[in-house]
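One letter stands for each residue in the lines below.
Number of protein chains: 2
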Amino acid sequence: MKPKLADVAKEAGVSPTTVSRVINDHGYLSNATKDKVHAAMDKLNYQPNSLARSLHGKKTNLIGVIFPSITNPFYAELIQKVENQLFNHGYKIILCNSADNKEKERAYLRMLIANQVDGIIAGAHNLGIEEYQKIGLPIVSFDRQYTENIPIISSDNYAGGMLAAQELFDAGCRKIQFVGSGSRTANPTGRRLTGYRDKIKQLALEPHIFSVDFNDPPAVKLLGIKQLLKDDSLDGVVCSDDLTAILVMQAAQQVGLNIPTDLKVIGYDGTEFMRTYYPQLSTIVQPLNDLVALLIKTLFERIDQPDAKFANNHFVLPVEVKRAETTRK
Amino acid sequence: MKPKLADVAKEAGVSPTTVSRVINDHGYLSNATKDKVHAAMDKLNYQPNSLARSLHGKKTNLIGVIFPSITNPFYAELIQKVENQLFNHGYKIILCNSADNKEKERAYLRMLIANQVDGIIAGAHNLGIEEYQKIGLPIVSFDRQYTENIPIISSDNYAGGMLAAQELFDAGCRKIQFVGSGSRTANPTGRRLTGYRDKIKQLALEPHIFSVDFNDPPAVKLLGIKQLLKDDSLDGVVCSDDLTAILVMQAAQQVGLNIPTDLKVIGYDGTEFMRTYYPQLSTIVQPLNDLVALLIKTLFERIDQPDAKFANNHFVLPVEVKRAETTRK
Chain A
1 MKPKLADVAK EAGVSPTTVS RVINDHGYLS NATKDKVHAA MDKLNYQPNS
51 LARSLHGKKT NLIGVIFPSI TNPFYAELIQ KVENQLFNHG YKIILCNSAD
101 NKEKERAYLR MLIANQVDGI IAGAHNLGIE EYQKIGLPIV SFDRQYTENI
151 PIISSDNYAG GMLAAQELFD AGCRKIQFVG SGSRTANPTG RRLTGYRDKI
201 KQLALEPHIF SVDFNDPPAV KLLGIKQLLK DDSLDGVVCS DDLTAILVMQ
251 AAQQVGLNIP TDLKVIGYDG TEFMRTYYPQ LSTIVQPLND LVALLIKTLF
301 ERIDQPDAKF ANNHFVLPVE VKRAETTRK
Chain B
1 MKPKLADVAK EAGVSPTTVS RVINDHGYLS NATKDKVHAA MDKLNYQPNS
51 LARSLHGKKT NLIGVIFPSI TNPFYAELIQ KVENQLFNHG YKIILCNSAD
101 NKEKERAYLR MLIANQVDGI IAGAHNLGIE EYQKIGLPIV SFDRQYTENI
151 PIISSDNYAG GMLAAQELFD AGCRKIQFVG SGSRTANPTG RRLTGYRDKI
201 KQLALEPHIF SVDFNDPPAV KLLGIKQLLK DDSLDGVVCS DDLTAILVMQ
251 AAQQVGLNIP TDLKVIGYDG TEFMRTYYPQ LSTIVQPLND LVALLIKTLF
301 ERIDQPDAKF ANNHFVLPVE VKRAETTRK
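Residue numbers (my numbering), protein chains in the order written: chain A, 1 to 329; chain B, 1 to 329.
Be a bit skeptical, because a hint or two may be false.
[As the list claims (entries may be wrong)] One-sided excerpt, in silico: chain A residues whose CB lies under 8 Å from chain B:
id, residue
1, S69
2, P218
3, V220
By construction, these hints were calculated from the structure, which means they are not laboratory data. Glycine is no exception: its CB is placed at the ideal position from the N, C-alpha and C atoms.
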C-alpha cells in the first residue's frame, strides 16, 4: 500500500501539518524537525502528491537541471538551449554540475525534492536507480537509464557507433580502434560501443577497444592514448566523444603520426563549438535542437499530467555523419 | 528622501500588504496588480529593504547568475566554479544566459527582484546602468561597470593587454595587430585594448586595431580576419580572447601563413579547457579560482550587511602569461 502523509507524521513523531510544511518548505522549521521528517519519508519511500503540492500554490516555475559539467561543450550547448526554451515558457533553471560527485548529486536531489522546482531534467552519471525512484517530481532523463517510469530522450547511439566505424572503413581503414568510455552498462552511450562492435563484425574486421575513464583528467587520458598509438599499427580511431578525439589528434602529433595520412579519426557529438573551433574533425552529430525540444515537451507533459501513464518512455532521435579533414581518403 | 513601502502603495492605489505580497511573491496576485505595483516601484525607484525581506523568512538560498553564454568556455568554467563554491555554502544557482538579448536580461532581473534569490552575480553585457540601479538585492559584478554601488571583480585587463603586446615584441614581432571586441567603453575588458595601445607606444611601434563584434557569428568574424591577414604584412596578433585567437589561427592556415614562423598569436583568458585542448596557444591567463573566490566573498559580505557602506568597490587580480608554441621565436 502507498504510504500516506499521516504515516510519515506518525513515523516522524510530528503532526501532519508539520510534514506538509516540510514538504512545501513553508514557515520556520528547525533542522532537527526537517531531518526527522525526511528520514521518515525515506524510510517509507513516501512521494509527495503533486496535486497536494499544487493546491498549496507552490508552483515555482523553476526546473532543476542536473548534468555532469558545463565545461564539456556538449552539455554547455544542451543546457543553454534548455535554458533558452524554458525561458520562453516562463521557467528558469537551477543548475547542478554533478561532476563525479555522488554526494553532491544526492544533496541536490534532496533540495530539489523539498519542493523548490516543478520538475527535473537529468543527465548525470553517478547515482543508482534507488535515489531517482524516490523523487516525487516530474523528471525526464537525457541519455541515462534511471527507472522504468522516467522517460529517456537520447539520440541513436547504436546507429552512431555503426556510422562511425563505417565512415573509417569507407575512408580505407582496416584496423579500427574504439577509444572512449563505452563500458557504462546502464547508459545509452554504451550503445555507441555496441554499434561499433556490430559494424566491425559485419565488416569482418577485428574489434579493438581502449577504455578511458570519463572522469580521468585529460592529461591522464592523453598518456594512455599515446601509449596505445605507439604500440599499435592502427589506421583508424572511433572516439566516444569529440574531446577524446582531440586528445587522439594531440597524441598522434606527439608520436609523429600524420592525420589523415597515417591515421584517421572520427569523434562524436558534433556541437556547434567543435564544428566552429575544430572544423577539421569528422564526427557523429547529435541533433541538439530536436533533443532539447523533445526533453522539454516530455517534461511539460509530465508536469501537466503528473498521474498519467505514458506508453512510450524511450525516444530515440537520428544522428548524422559530418565528414571533414580527419577522415579524408 | 528614500521612498517607503507606503509611498509605493499610494502610488499604485493598493494596500501596503499587497505591495509586500508582490515584493515577497506571496499568495495569489493578479498580473494587473503585480504590474501596477512594479510600475509604482519603478517610478519611485523603490528598493525593498532586505531586513523586511528576511523578516518574512523568505531567504531562498538561491543566487541569480547572469552571464552572456555558457557555450563560451571562459564563462562555463567561471560559472561551474561559482556553482561548486556556492553549493559548499548551501546555495544553489539560477542560471541566465543573457546572450545578446536585452529583453531577456531585463526579464530575468525582474524575476530575480521578485524575491526569488538572495543575491546576484552578473557579468552580462547588454543593459545600461538604470536597470541595475533599481535592484534591491545584493549584487556583485564580474568585469562590468554597472553602478557606483555595485562592486566589480576583475583581473588586470590593462596589464594583460600590455603583457600580450610585450610577449609578441619579445618574440620578435614588430607589426603587432590587435584583434577583438575592445571598444566597449563601459567594460573593464576595454582596458585590454588600452594596455595594448600604451605598450605599443612605449615600444615606439604603430598601433593596428581590428574590431570584431563580440556577438557576430564566428564565421563572420573569420571572414573579416582572413581579409585582414591577406591585406597586411603583420607578424603578430594580440587577441581579446582565446576563441578569437583560434579564428586567427584558422584564418592564417587558410591564407597560407605558418604559425609561429610567419605570424605569432597570443590569446586571452587561458581557461583549463583551452590549455588542455589548444595547448599550442600562448595566452594571458586570468586567475579564475581567485576571481570566483572573491566574487563569492564579496557577495556574502553584501548579503550579510545589506546596508553597510564598503570603501573599496573595485578589486583587480593579477594575470600571467602562458607562453606556448604560437609565440615561439
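Taking the hints in turn, this is what the structure says about them:
1. Of the supplied interface hints, the one on S69/A holds, with its beta-carbon coming within about 6 Å of a beta-carbon of chain B, less than 8 Å.
2. For the restraint placing P218/A at the interface with chain B, the shortest Cβ-Cβ distance is roughly 5 Å, inside the 8 Å limit, so the hint holds.
3. Of the supplied interface hints, the one on V220/A is violated, with its beta-carbon coming no nearer than about 11 Å to a beta-carbon of chain B, more than 8 Å.
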